[in-house]
Every structure is written in structure tokens, then in C-alpha cells.
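Engineer: Using the sequences provided together with the hints, build the complete structure.
Number of protein chains: 2
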Amino acid sequence: MYSNLYNMVLKTRVEATMSTVLFLSVGLLSGLISIFIALYIYWDVMRLDQGNDRMKEVSALVEEGAYSFIKVQYRILAIFTIILAILFAIIFREFGIPIAISYILGSLASMTAGYIGIAVATKANRRTAAAAATGGLSPAFKVAFRAGSVMGLMMAGIALVGLSSLYWLWNFAIPDEFFIVVPRGPELWEIITGFSFGASTVALFAKAGGGIYTKTADLSADLVGKIEQHIPEDDPRNPAAIADAVGDNVGDVAGTGADIYDSNVAAILAAAILGAGIDLHFSPPVPFGLLPLVISALGTIASVFGVFLVRPKQDQDPGPILNRGTYITTVLFAAFTVLTVMLLNLSLVIAVVAIIGLIAGVSIGFTSDVFTSDRGVAGFKPVPKMVEAADKSAANLILSGYSYGLLSVLPSVIGIVIAMVVSYTLGALLGFGEWEGGIYCVAIAAVGLLATNGMVMSSDAYGPIVDNARGVIEQAQAPKEAIVAVDKLDASGNTAKAITKGFAIGASAISVLALFAAFIESTDTLNIPGIDGLIVVNIADPSVLAGAIIGALVPVAFSAILILGVERNSERMITEIRRQFDEHPGILDGTTKPDYDRCIAIATSGAIRELMPGTLIAITVTIVTGIILGLEALAGYLGGAVLSGLILALLMDNAGGAWDNTKKIIESPEYTKYEEGTEDWHRVHDISVTGDMVGDPFKDTAGPSINTLLVVISLTATLFLPIIAQLHVWLLALF
Amino acid sequence: MYSNLYNMVLKTRVEATMSTVLFLSVGLLSGLISIFIALYIYWDVMRLDQGNDRMKEVSALVEEGAYSFIKVQYRILAIFTIILAILFAIIFREFGIPIAISYILGSLASMTAGYIGIAVATKANRRTAAAAATGGLSPAFKVAFRAGSVMGLMMAGIALVGLSSLYWLWNFAIPDEFFIVVPRGPELWEIITGFSFGASTVALFAKAGGGIYTKTADLSADLVGKIEQHIPEDDPRNPAAIADAVGDNVGDVAGTGADIYDSNVAAILAAAILGAGIDLHFSPPVPFGLLPLVISALGTIASVFGVFLVRPKQDQDPGPILNRGTYITTVLFAAFTVLTVMLLNLSLVIAVVAIIGLIAGVSIGFTSDVFTSDRGVAGFKPVPKMVEAADKSAANLILSGYSYGLLSVLPSVIGIVIAMVVSYTLGALLGFGEWEGGIYCVAIAAVGLLATNGMVMSSDAYGPIVDNARGVIEQAQAPKEAIVAVDKLDASGNTAKAITKGFAIGASAISVLALFAAFIESTDTLNIPGIDGLIVVNIADPSVLAGAIIGALVPVAFSAILILGVERNSERMITEIRRQFDEHPGILDGTTKPDYDRCIAIATSGAIRELMPGTLIAITVTIVTGIILGLEALAGYLGGAVLSGLILALLMDNAGGAWDNTKKIIESPEYTKYEEGTEDWHRVHDISVTGDMVGDPFKDTAGPSINTLLVVISLTATLFLPIIAQLHVWLLALF
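Taken in order, these protein sequences are the chains called U and L. Here our numbering is used: position 37 in the first sequence is 119, and no number is missing along the way. Here our numbering is used: position 192 in the second sequence is 274, and no number is missing along the way.
Relax, there's no trap hidden among the hints.
Intra- or inter-copy, both count: the list cannot distinguish identical chains.
Calculated pairs, BS3-like style, for lysine-lysine (alpha carbon to alpha carbon, straight line, at most 30 Å):
id, residue 1, residue 2
1, Lys308, Lys755
2, Lys467, Lys755
3, Lys746, Lys474
4, Lys562, Lys308
5, Lys467, Lys308
6, Lys675, Lys474
7, Lys467, Lys570
8, Lys746, Lys395
9, Lys746, Lys224
Honestly, the hints are just simulated from the structure, not real lab data. The structure displayed is predicted, hence computed values, not measured ones.
Structural biologist: Here it is as C-alpha cells:
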């Protein structure tokens, strides 16, 4: 009898260990495959023709500029990481060393991914330019897309390899008897939270710092170049032209990549914490804690296939081919997930919610597109209406962009709410109780949404590469046909880009909701006298309400600080550009070369300087609110931050996108109301440039940085939870 | 033994009845005094000189225009009120008739107050103009301020008389045996919620409708007049000049008045509901349910004194005199409250929290002033920075206004949080338990904040009257000295106005928090099977979180609809103004009189048409969310709405105010960077006009309407609570 029971327990343990090994292997291998394929594509792209000397020269300037930004940023990140790691090693006592190591690896992984993304993007622009100049549309598209996919597949792979190998390390390689103690189950994942925290802090630097950099350069280049001196965009005479091109790389390529990457890591982590809780309480046959890794692995493999299927025939419009790649990836992922779930003999609910997440992400992306594209939908055409508003006055254009931006919040957020409520409700069918099963399914929806991030990022990153190639062609004075080709590519890239932006917000929103659940679930296992069981976050309790209100203020303050940072920084740069034009009249004639480096230096140092206060304030306020008002208030704080953060992020992203496209329409041949070059056309165009300038820091600095901010503060709360709880209890004892 | 107990109970009852009569009498009498004094001042102002014929003529046009707006608006309000009253009579079953009667009286009271406000304002402008033309600064100030105080005292009085007499009616005049059933205690107050609901729906119409009206006229007049035709503001050649002047009356005078009035009624109501709950559970000697009426009465009496003490000597700057009036009112109110609390032998906590509320209101007002005044504070000068930004580009000005608007949210909201937490914590000292005592004190803080509303509104309403008088003088081509005098008055009025705006937001925020508490408290007394006890609003519960997110969307959608409404409406009006200028070139030469009436008609009908959808959506979504997701989710919904509503309201109010003042600085002699009239000056000035035009619907339409919206949806939830709860239980039973 006893021996039977012993055997049963042993069998369950062995089975559990076996599936742990199996799941980890799937995660690790898929990640490695993705990385190797990315490296292969990188090598393949590098072999291509780099274009004529002028292209090489211009592109090299951009490349150097990007590296100089990266160098400054990474030096500061390294200091930041080392200080925090030492802090973690001390304050987390027996878990200090593992958390510090996880954190350092998380930062390093994220920095590596960002570096590779920028490296390939800046090397690919001249190759794309060369391909456009010699082969036209399709070859140029192929180069740009493949270069973009290097970053996409690399980041998806690094997330998988990082998380699986860390789990492997703490679970198997380092036994309990070793010099440090590593807990098992959900607490092991809480150690790996350090990895995610590293990813997110680096992402916040990349996104917010890159965002300030790119908009500083863009705003200044536009103001002095386009408006004051009436020279075209990307004109080599503009001292800020290279800084502007660098900005596209550090902001759009590395920034957006980091944003999706860190949401992906956070979603897997949150689902893993919640799944490990189920494993602990219900001892099911499958380690639910590791299932999220497997789902993400399936999405990554599907992305690899998707990337290889994007192969345009000669002169074919790249838009549909890109969409086909996305559809195939989606279908493959869905099929893989259903098959895996059946193979593992699990409830199909798991597969269903993963697919719900995916659908939600894509739908949110499409609603963003309605509000920002030049088409709209039947009877509701925001951007065309804004084109009309621009004909009235700048104020009308600003007001309508702002209003449509507010309206655009609705469908996206309602989509997120529906995905959350449906996933939660379906979760009850898993049989682990309404709460446990429900929140696990919300987290799985987040993982499902982000699983195909390899493909999503690939089709997003190609846009800025083409944008840069355009700059290279323009500055290298290459033939007009090459510009026509990349302009076509740019247009097809815009829809993908708009969808990705919405997707990124949806992804971070659902990931943050999952993290919110993981935070609350983690309060259950705290071993601190005075705190018992799952907290109840009753907003009728004034301290919780106070927490929620303070939390809601964080994204408000953060966006204001970033936008004012862009303004302050561009003030310095505008002064510099004007100085160059004034002191060297030869620049305008094309006889004197402008001093690009000084603009790059200003943008770089200013970006780093302006992003620090917001970041530190956000982290500090999170911890202090928890210590003073308690865990319930801290949960309220996270809820409040999500609420206002979502609204502000969507408002700013979509209003900014709509202003951008309003300008693009007016500049395009389809705008027929006034003939280009006439006085009326100039009036309307100037107004649309004002709208675009307002929208730039909205959509490329403040808006998308809020996504990452929300992840960072949620992870801060989760990571520091034991310490916050302990200090709060001590604080209460003082009074 | 038994007879002793019986005597004790009887004694308590008699005492309670006596203090009920006493408290109601204080409320009623103070209200009546305030109303009579307002009527006396009205009669006194009416006797004054109406100026020359041209002044009379212009002013009569404005007066007629205002009445025609009022007529259209009140006709629709009457229909709306009758339909809702019938609905209430049916759906609230045994309480239907009393609720319907309370509601009708609430609407009527609010409409009367609004009517008187507009009547006195439109009659006072020509008298102010005449006083300025003949006597200069001080006589003009006296007329304008006294006219403003008619509305201030009238509204404070009507709130007191309405609430006291309704309580008297239901509690004493109509015995239980009568044909309708009237409950006692908290439920009696829930019937009087109908009165507050009437006040708030009328306020929403007044504020949002008036806001759309005034900005339609203002935007259109500025665009075609100032920017296109380069004629000055208020120029009689502008076909929209009269509509613009009418807008100042219906938007700024009646709208702001209605906003503060409805917050005041709601605050008293919320405190009364919570106090009546204490009376029921703890049978204390004082009817805590009626104490809020007494506190409000004390503030009203203090305001009467304050108003009479505002008496400037010849040519004295009116600013300090106005401030002195406010300070005296505040000190008197504090003294009255402390004395009354001691006389009633109550805990001083009650007086302390009432004063905390008052201090919070004034502080919030002052922080608004920092962000919108031309001074700022040491080292932090938003508006002067914006003046510099205007020199760079329109985009810089918009971005900095938006960012400072976001930052301005912080101190105000933190002030509200501190007032809430401190009042709640002090409430525990009352001895009725932490929750009951705490939330009662939060509500008392709201009542205290609003108690001196008579004085606050008096100093606010004088601003628009002066503004209008300026228009009358300008159009009547009166001597330049008269304009100088009213310009000085206008400048001193601006600070008062900025403070009042912040005050109004703080007031509605704390009132809404009190209503939120009253809503939750009311769930305790519901007599519906399936719902028992106080609800717990756990935002970790996905349905509550979903409710919170949906709630947060309501102010977002509402503001977007209002701003787009202004744009659509001004589009119609711009077309009309341009048509008049085109078809009648004589208008510009001053030989043909423009057709003012058509502009007025467009503004009126458009305003009503544009405000309906937002209002109906807000009410419907509130009820439907409650029915589908339940009471907990509905509470979450209210919380979410407050969170996003506060942020948006403060952002838009303060950004708008800052843009307005940026323009004013550039127009004033203190702006010395460019000489007035030079090309550079015109460039910067045009940019500042753009900023002001963006800010107009922010600060005068959408921003302040959100205050009222929050009160309306909170009251909707409280009023419909029993029905929502019942329908939700039935809906659950269906599945």
C-alpha cells in the first residue's frame, strides 16, 4: 500500500521531470533555430552589393552615428545594470545572487538583441538602396524584409533561449545543496522575473531614449530644413539629416523591437508564474508553468516558416505578399497549438485562448489602421476628414486629430476587455477553479498574442530600413526610379507599421493584465507575518483608491516629461542647425559640408539626459507607494496605471499616426484640391506639417514608451513584492 | 424598567425630531435669505443707468440671442424632463411618484437658477458698460460684481431651499398613510437623489450645450474675423460678434454656475445619504443626515457677508478687494462651523474636515493658477515658457501646452487624494467605525469645499459680465477710457477665474468620490435576494476590472464627441460668416449691417444637436454596464470614470487656460520681444491664436463638461441602483 503510493508519487515526479525536460528542450531548441536562421539571413544579406561610393559614404555616416548613440546608451545601461545587480544581490538575501544573475543576463540579452537589430538595419539601408537602384522594387523589398527579419527572429529566439536556459540552470544545474538556495515552483519563476526586469528596463531606455533621439532630430530637421529653409526632407545639406536617419534606426527599429520583445518576455513570465501556481496546487500531469514557453516556441517556428514564404516575384506589390506571410504564420501557429494541446492531452481551452489572444492583437492592430490610414472604413474616415480640417486652420487639424485619437481608444480597449473577459470565463473550464484557471488563461492569451512576434517584427522593421534607404538614395543623388521604387515600398510598409503599433499596445496591455494577475497571485505565497492569503483590491477602500489615482498619474507625468524632453532637446539642436546655416552659407549652396556629428552628439546626450528622471521616478514611486500604502494599494496603483496608460498610449499613437498620414496625403498626387506648389497648397501643407510635428513625439516617443513603462512598473511591483511587503509591515508596526 | 426604556426611546425620538426641525429650518431660512438678498441686489442693479442708445441696442441683441438659446434649450429640457419623470414614476414602483416629483423640482430649480443667471448677466453688461463710460473703474466693477453675485447667491440659496423643503415635504407633510409611500432614513435621501439628478442633467445641458455654443461662436468669429479678415475681436462688422457675446453668457455665466451648483447639490446629497446611514445604525443625538445642510447654510451666510464686503473705493484695483471678500467668507465660514459644532456638542473632527475640504479646494485652484497664469512660480513658469515656444512654431506651442497640461494634473489630483485620505482617517475618530465615519467625513469635506460657493460664483461670474461689457463698449464705439477700465477689470478677473476653474474640478472630484461612497453604502440596504451586504469592489476580479476600463472610456468618448461637435458646428457657422462677407461687401466697410440672427440660430440648434448623443450614451452605458456586469463592476465603472475624467478635465482645462494666457501675453504691452505690428510679431501672434483656438473647446467645452458628466453618471448609478441590481439578478438567473 505505502509502496504503491510511493511509486505513484515517484511516477508523477518522474513524469513531471520528463515533461519539464521536454518542454524546456522545445523552448531552447526553437529559440536556437530562430537565432541560427537569423544569423544565416544576416550573413546572406551582408554578401549583397553595397551600392556606389556615395551610398556607402552616407550609409556609413548613419551607421557610425547609430553606434555612437548605442555606445553612450550602453555605457549608462551598464552602470545602471551593475548598480541594480549589486543592490539585488544584497536586498533579496538568500535569493539575491540568482536574481542578480537573472537580471544581468536579461539586460545583456536585450542589449545584444538591440545591437544586432541596429547593426543589420544600418548595414542594410545601403544594400536596399543599391538593390533599388539596380533591380527596382522586388530586390529592394527582399533585402529590406530579410534584414528586418534578422531582428524579428533574433529577438523571438533570444527570449526563448534566455528563459529556458535560465530555468534549466536554476532547476537542474544548480542543486539545492549548492552555495545558493533556489526555490522551486512559482518562486523559481519569481527569480527569473529578474530576467524580464532586465529586458524591460533596457527596453524602456531603448524606446524612450531612442524616441527622444529620433524626434529631436526629426523635429529639428523639419523645422529648420523644411519650414525655414524650404529644402526637402533628407536633404544632405541639412546638418541634422544624418541624425534624423540615425534616429529612424535607434527609435523605430531598435525601439519598437525592444517594446515587443519585452512584452513577450513579460507575458511568458506572467503565464509561467500563474501556471507554476497551478502545478503546485493541483499537481496536474503537465507543467503548466512551462507550457507558455512551448506556445511561444510554436509561434516562433511558425514565424520562421512565414519569413521564408515572403518572396515577391519581379515587380509584384509587396503589400499582399507581406500579408500572406502574416496569415500563413498565424494559421500555422494556430494549427501547431491545437495539435500540441491534443498531443499533450490537454483541454482545448488552452489552444482556444491562445488563438483568441492572437485574434485580439490583430483586430486591435486593424482598428488602429482605421483611425490612421488614408482609407478609414465606410462612412467613418478620420484621416480624410482631417485633410479637410487642415484646409480650415491648424487649430481645426489639431482638434480633430486629438478627438479622433480619443475615439480610437474605444475599439482597441473594448477589444482588450473582451479578450480578457472571454479568456477568463473559458479558464473556469480548465477545472482549477475560476480564479486560478481564469487568470492563467488571460496570461495564455497574452502569450498567444505575442507568440508570432518574430513575423510581426520582421514586417515592421522593414519599414524603417526602407525609409533609411530612401534617405541614402536621396543623399547619394541616385536615379529617380530608385526613389519611386522605395516610395512604393514605404507605402506598403505603412499599413504593416500601423497594425504593428496597435498590436504592440494590445500586446503590452494584455501582458500587463497578466502581470497584474501574477502580482496578485504572488501575494498568496508571501511568507510574511501580518499578510496572509490573496489580497483583495477593494477600490472602495480609500488607500486602494488613493493608490489607483497615484498610479493613474504615472503615465501622465511620464508622457509630459518625455515630450518636454524632446522639446528641450530639439531646442538645443535647432540652435545648432541655425548656427551652421548662419555661419556657413556654403552649406545651402552645397559647397560646404555640414557638421553632422555635432547634431548627433546633441541628440544622443540629450536623449539620455531627458529619459533618466521619468524612469527613476516611475520605479521609485512604485516601490514607495507599496511601502507606505500597502500591497492592496500597490495593486490599485498598477490598475490605475494601466487604465490611464492605455488611454494615453492609444490617444497619442493614433493621433500621431493620423497627423502623419494627413500630411502624407496632402503631399501625395491623390490630393487634388489644390495643385502642388500653389499658395493654397503651401498653406494647407504647412498646416499639415504642424500636425505631423505635434504627432511625432506623440507617436514615436511618449505613446509607445508608455507600453514599456507599464511593463516596467508591473515587474518592479512583482520583483520587489517581498521587500515592499516586509517594509510595509515594519512601517505599520512603527505607528 | 420597560417604561424607562420606552421613555428613553421616546426622548431620543423627540430630540431627534426637534433637531430635524431645527436643522431643516436653518437650511431653509439661510437659503431664503440668500435668495431674497440676491433679488434685492438684482432690483438694485436694474435701477442703474443702461448707457447710451447704441449700448442698449447692442446689449439688447445679446440679451435676445441668449433668450433664444435658452428657449430652444429649455424646450428640449422640458421634453426630456417630462419623459424621464414619467419613466421614473413607472419604474420605481412605490417610490415612483416621489422620485418623479423630486426630479421635476430639481430640473425646474436648476433651470430657474440658470435663467436668472443669464437674465442678470445680459442685463448687467450694458449697465457695466455705462458705468465704465461715465464713472470708470470702480463703478463698473461694482455693477459687474453685484450682478455676478445675484447668480452666486441665488444658486447657493436654491440648493438649500430645494433640498430642505423636499425633505420637509417627504418627512413631515406627507405621512406614511397618505397615497404614496415615503421611506425614512437613508432611503428618503435616495428619493431626493431625484432632485440632484435633475440638477445635474440640466447642468450637463447647460455646461456642454453652452460650451458647444460659446466655442462654436468664438472659434468661427476668430477664424473668419481675426485671421481671415484681420478685424479686431468683438468688432460689430463680424456677423458672429453677437453670437460670440451670447456664448459668453450661456457658456461662462450659466454653464460655470450650473457646474458648481450641481456639484454642491450632489455633495450635500452624498453626505446626507451617508449621514442618514449613521443615524440609522448608531442612533446618535444629532441627525447627521441633515448636518450637511447646516454646514452648507453656514457657508451661504458667510458668502452673503463676503459679497457685501466687496466695496472698492474710487479707482482702487479690484483684485485685492475681491480676494479680501473671499478670505473673509472663508474665515467666517470656518468660525461659524467650529462654533456650530461646539454648540451641538459634536466632535470637532466634523469642523476640521469641512475646513480641510475648503483648503483643498482653494489650493487646487491656486495650482491651476500656477499652470495658467502669466507668472508661474519661482523657477517654474509654464506660460512664459509657452510664449517662447510660440516663437519657434505652432507645433512647439501645442506640444508644450499639452505637456504642461498633463503636468498640471499632478498637484491637483494629489491634493484631492490627500484631502480624501486625511478626512477618511480623521473620520475613524467619530466613533462610528472606520468605514462609516471615514466616508462620512470625506463627504463632509466635499460639502465644506462647496459651502462658500455663493461667494466663489459671485467672483467668477463677474468676469464674463465684464467681458461682455467690453464687447458692448467696443461695438457702441464708446470712449477709449471705458475700454481701458474694463480691460483692467478683466485682468483682475482672470486670476479669480483660473482659481474658480480649479476649484470647480476639485469640488466635483471630491463630490464624486463622496457619491461613489454613497453608492457603495447604498448597496448595503438593497432588499434584493442574491445581493447581501456592502459590495466589495475587487479590481482583481475581471468583471470589476472590465467595468473600470469601460468607465474610464466614458469621459474619453464624451470629450471627443463634444470637441468634434464644436468643429462640426463651427464648420456650419464659418460657412455662414464667409457667405455674409462674400455676398455683402458692405459689411466690411461698415455700410451694411451683418445678419447676426442666422449665426445665433446656427450656434443654438447645433449645440443642442451635438450634445444629445454624448449625454444619452453616458447614461445608457452606465445602466447597461451595471445590468450586465453587476454592481461590483458598476462601482468599478464609476471609479474608472473618475480616474480618467479627472485627468482629462484637468489636462484640457489647464492646457486651454495656458494657451489663452499665452495669447494674452503676446497681445499685451509687456511682450517686448517683437514690436506690435511687425512681421515677427504677427507670426508669433498667429501661432498664439492657433494655440488659443485649440484651447477654447478644451477649456470651455470638453474639460468643464467632464465634471458634470461624472456627477451625472454617479447619480445615475445611485438613483437606478435598485433597478439595476434587480435586473442583474434576473439576468444571472437566465443563464
